[in-house]
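Given only the sequences and the hints, what does the whole structure look like? Please build it.
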Amino acid sequence: MSTNYAPPVPFEFPPIYSFPPFFTSHSLQPHVPSRDKQVAAWVDLIRAHCAHHRVFRLGLDASTLDLPPFRNAALNRSVSRDMLHTLLTALVKADLAEWTTKGKTHVLVYWKSIGEWADVLVAWPRDNGFAIRS
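Take the sequence shown: its position 4, counting from 1, is numbered 4 in the UniProt record's numbering, and each next residue is one higher.
For the record, the hints were derived by calculation from the structure and aren't laboratory data.
All figures in this text were calculated on a predicted structure; none of them were measured in a lab.
Hints may contain errors.
[Unchecked claim] Calculated pairs, EDC-like style, for lysine to aspartate or glutamate (alpha carbon to alpha carbon, straight line, at most 16 Å):
#1 Lys104 x Asp61
#2 Lys93 x Asp36
#3 Lys112 x Glu98
#4 Lys104 x Asp119
#5 Lys112 x Asp44
#6 Lys93 x Asp61
#7 Lys112 x Asp95
Below you can see the structure in the form of structure tokens.
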């Protein structure tokens with residue numbers, strides 16, 4: 001993870017982070033509807049955690065796997081490299097990240113979707129008293 005920022009308040013993990021099957025012994029749920037919900041919960045968690053800590057780059061490496069949110073020391077559970085790849089792929093498919101290497105080993109994480117960033121950029125001048133002309 002790439003970050004040089006220390007947030008003023010600790011990140012509050014969602015309750016599901018303390019649920020051992022969320023990590024499912026290094027893999028995803030075998031039941032498709034459960035897996036889809038698990039991946040969606042992971043995508044939300046990764047996005048929120050990255051935004052909170054201002055992390056913008058994640059990789060498929062040991063340093064990423066050893067850090068929260070990918071390792072829960074209290075449960076002695078962590079995601080596998082294959083599961084992390086699946087989760088990063090889900091972020092990319094949701095337009096919340098993009099691969100930055102040809103080998104698909106690192107992603108650039110978007111804290112907001114491209115549409116949400118567009119809304120922020122359009123709202124800023126309006127909210128700060130600037131006239132918007134087209």
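Now for the hints, and whether the structure bears them out:
no.	hint	in the structure
1	Lys104 x Asp61	holds (12 Å)
2	Lys93 x Asp36	holds (13 Å)
3	Lys112 x Glu98	holds (13 Å)
4	Lys104 x Asp119	violated (29 Å)
5	Lys112 x Asp44	holds (11 Å)
6	Lys93 x Asp61	violated (21 Å)
7	Lys112 x Asp95	holds (9 Å)
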